[in-house]
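Asker: Below, each chain spelled out in residue letters.
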Amino acid sequence: MRFLNHLTLGQYVPTGSVVHKTDPRAKILATLSILTGVFLADQWQVFALWAAFLTIVVVMSRLPLSMVLRTARPVIFLVVFTAVIHLLFSQGTPIFRFGILKVTEEGLRMAFKMGSRLFLLVIFAGTLTLTTSPTELADGLEHLLSPLKPLGFPAHEMAMMMTIAIRFIPTLLDETDRIMKAQLARGADLDSGGIIKRLRAFIPVLVPLFVIVFQRAEELAIAMESRNYKGGAGRTRMNPLVWRSRDSVAFLTVLVVTVFLVFLNSRMSLV
Amino acid sequence: MSIVIDNITHIYHRGTPLETVALSGVSLVVDRGEWVSVVGHTGSGKSTLAQHMNALLLPTEGHVSVDGVGVEENRARLREIRRKVGLVFQYPEQQIFEETVFEEIAFGPKNWGVPGDEIPERVTEALSLAGLGETFKELSPFHLSGGEKRRVAIASVLAVRPDYLVLDEPTAGLDASGKRELCDLLHGLKQKGTGIVHITHDLELAVSVSDRILVLTGGKSRLWGTPGVILEELTEREVPGLVMPPVPLFSGRLRELGMDVPVTWNAETLVGAIERCVGK
Numbered sequence: 001m002r003f004l005n006h007l008t009l010g011q012y013v014p015t016g017s018v019v020h021k022t023d024p025r026a027k028i029l030a031t032l033s034i035l036t037g038v039f040l041a042d043q044w045q046v047f048a049l050w051a052a053f054l055t056i057v058v059v060m061s062r063l064p065l066s067m068v069l070r071t072a073r074p075v076i077f078l079v080v081f082t083a084v085i086h087l088l089f090s091q092g093t094p095i096f097r098f099g100i101l102k103v104t105e106e107g108l109r110m111a112f113k114m115g116s117r118l119f120l121l122v123i124f125a126g127t128l129t130l131t132t133s134p135t136e137l138a139d140g141l142e143h144l145l146s147p148l149k150p151l152g153f154p155a156h157e158m159a160m161m162m163t164i165a166i167r168f169i170p171t172l173l174d175e176t177d178r179i180m181k182a183q184l185a186r187g188a189d190l191d192s193g194g195i196i197k198r199l200r201a202f203i204p205v206l207v208p209l210f211v212i213v214f215q216r217a218e219e220l221a222i223a224m225e226s227r228n229y230k231g232g233a234g235r236t237r238m239n240p241l242v243w244r245s246r247d248s249v250a251f252l253t254v255l256v257v258t259v260f261l262v263f264l265n266s267r268m269s270l271v
Numbered sequence: 001m002s003i004v005i006d007n008i009t010h011i012y013h014r015g016t017p018l019e020t021v022a023l024s025g026v027s028l029v030v031d032r033g034e035w036v037s038v039v040g041h042t043g044s045g046k047s048t049l050a051q052h053m054n055a056l057l058l059p060t061e062g063h064v065s066v067d068g069v070g071v072e073e074n075r076a077r078l079r080e081i082r083r084k085v086g087l088v089f090q091y092p093e094q095q096i097f098e099e100t101v102f103e104e105i106a107f108g109p110k111n112w113g114v115p116g117d118e119i120p121e122r123v124t125e126a127l128s129l130a131g132l133g134e135t136f137k138e139l140s141p142f143h144l145s146g147g148e149k150r151r152v153a154i155a156s157v158l159a160v161r162p163d164y165l166v167l168d169e170p171t172a173g174l175d176a177s178g179k180r181e182l183c184d185l186l187h188g189l190k191q192k193g194t195g196i197v198h199i200t201h202d203l204e205l206a207v208s209v210s211d212r213i214l215v216l217t218g219g220k221s222r223l224w225g226t227p228g229v230i231l232e233e234l235t236e237r238e239v240p241g242l243v244m245p246p247v248p249l250f251s252g253r254l255r256e257l258g259m260d261v262p263v264t265w266n267a268e269t270l271v272g273a274i275e276r277c278v279g280k
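Just so you know, the protein sequences line up as chains A and B, in that order. In this text, residue positions in the first sequence follow my numbering: the first is 1, and each later residue adds one. In this text, residue positions in the second sequence follow my numbering: the first is 1, and each later residue adds one.
Treat the hints with care, since some could be wrong.
Unchecked claim - Simulated pairs of lysine to aspartate or glutamate, DMTMM-like, Cα-Cα distance not exceeding 20 Å:
(1) B:LYS179 - B:GLU169
(2) A:LYS197 - B:GLU169
(3) B:LYS110 - A:GLU157
(4) B:LYS190 - B:GLU125
(5) A:LYS197 - B:GLU98
(6) B:LYS192 - B:GLU103
(7) B:LYS110 - A:ASP189
The set of hints was computed from the structure by calculation and includes no laboratory data.
Let the hints inform the model, and build the full structure from the sequences given.
Answerer: Written as structure tokens, this is what we have:
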């Protein structure tokens, strides 16, 4: 058993697909466009169309669908919790009652809407990180935020911080996996008992993990400083980003899909 | 009474683009009171193999048993297997979390249900085995030196009194005297009947301490036998990623030049043989 085998959050999986080869700026802008569209959606038909669009993107990216779906694993609890809260506590026409709890038609609709919205938001964002390396992501973000530099916005530093954070997610998952195994080998029981017992059982994992995180952060800072890292000023690039016509096509396609689905959603809401 | 690894294969991330065959058709037997080293370069599958020995990983194919208890068909007995087979990970000092050395070492025995009045005795015994005095008991493990932290981590596994001890690169980062002290400690445990599995990339160290050696490359078993057999084999053919230690390399070259010396890893034996050859 590999204990954290099922988490793919923040992981880049190169397959050489057309999605992978698309300019990171186009992918970031496209993802922002999609996220806005998903956020504005409230009709189940529109959610279904977004899911179909996601499937097309995943097929084009040559990633297994199961791997993409696993990016939502860490937020499944949040999705279910949000859906249940809306299901049980929304006002409206009751469908059935169970003691003091009642499920309303509006609650059911809201639970589906919030659950689908959160799920799709996370999956689309996960697809971006699965198909874009941290370096490309940072370069793309820095380029997109660079117009704000004259206003004093630390575009390079923000991009670098995000890259490091994303880059370290798989590393920290590996470290957590290793520490969990080490404590299990010493007889720790991490799986049984109630929530309090389980939380207490995780102390032997969390304390060493925090120590490692701070050590890693310090070592990384020293390693960067020792290689004369002083922020973005004066830094050159080994692979400058080049915006090609296919990137325009990709971004415009997503933009058109988003505008169409937002329009469709607004028309259906009026009916 | 032994750990039996029978023709195991282990595949990580099966069915995904990240699929990696870490082990393929590997077999190994470790008896109690025996020192077996598993040697290979980085990425050869050594650590994956180590984790199969105490059921932290289960094989994708093949069979693992500890003292006759099969791992796959006895999943309810995995904890029993983990108690029998102590596993010391690489850089074990990174698993430390308790406030005092005493509590850190007592962590394992408490988990395995050792009676409370027996725990101080176990901690003292483990500290002594690991070459640390009783004065360490009340110290914070986070304030110890790197070498002392590693000893505390090893003591925390020894306190469970495992029948087998699997150590993943235990000498990584230790100086020559630290390596020697650790090997002496393991040798003492072996004499008392503990089976030792030593995972290392250091062939020179392995041939000097082991009863038998398994050489892994690319997740496959390449050589298996006594240090003498392994050195004979290595003089016959090259194994990718493995560098012959200087003493056997030198003795092999002398044999090629027609000198009647044995292939050996022991510098004193080689010097004696050369002296005899030159008639000193």
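Asker: Taking only the CA atoms, is the gap from A:LYS197 to B:GLU169 under or equal to 20 Å?
Answerer: Cα-Cα ~33 Å, so violated.
Asker: For A:LYS197 and B:GLU98, compute the direct alpha-carbon distance and say whether it is at most 20 Å.
Answerer: holds, 17 Å
Asker: Between the alpha carbons of B:LYS192 and B:GLU103, is the straight-line distance 20 Å or under?
Answerer: violated, 26 Å
Asker: Need the status of pair B:LYS110, A:GLU157: alpha-carbon distance at most 20 Å?
Answerer: violated, 47 Å
Asker: Hey, B:LYS110 versus A:ASP189, does the alpha-carbon distance stay inside 20 Å?
Answerer: Judged against 20 Å, a Cα distance of about 11 Å means the pair holds.
Asker: Holds or violated: are the alpha carbons of B:LYS179 and B:GLU169 at most 20 Å from each other?
Answerer: holds, 11 Å
Asker: Is the hinted pair B:LYS190 and B:GLU125 satisfied, with a Cα-Cα distance of at most 20 Å?
Answerer: holds, 16 Å
Checked against the numbered hints listed earlier, the structure breaks hints 2, 3, 6; every other hint is satisfied.
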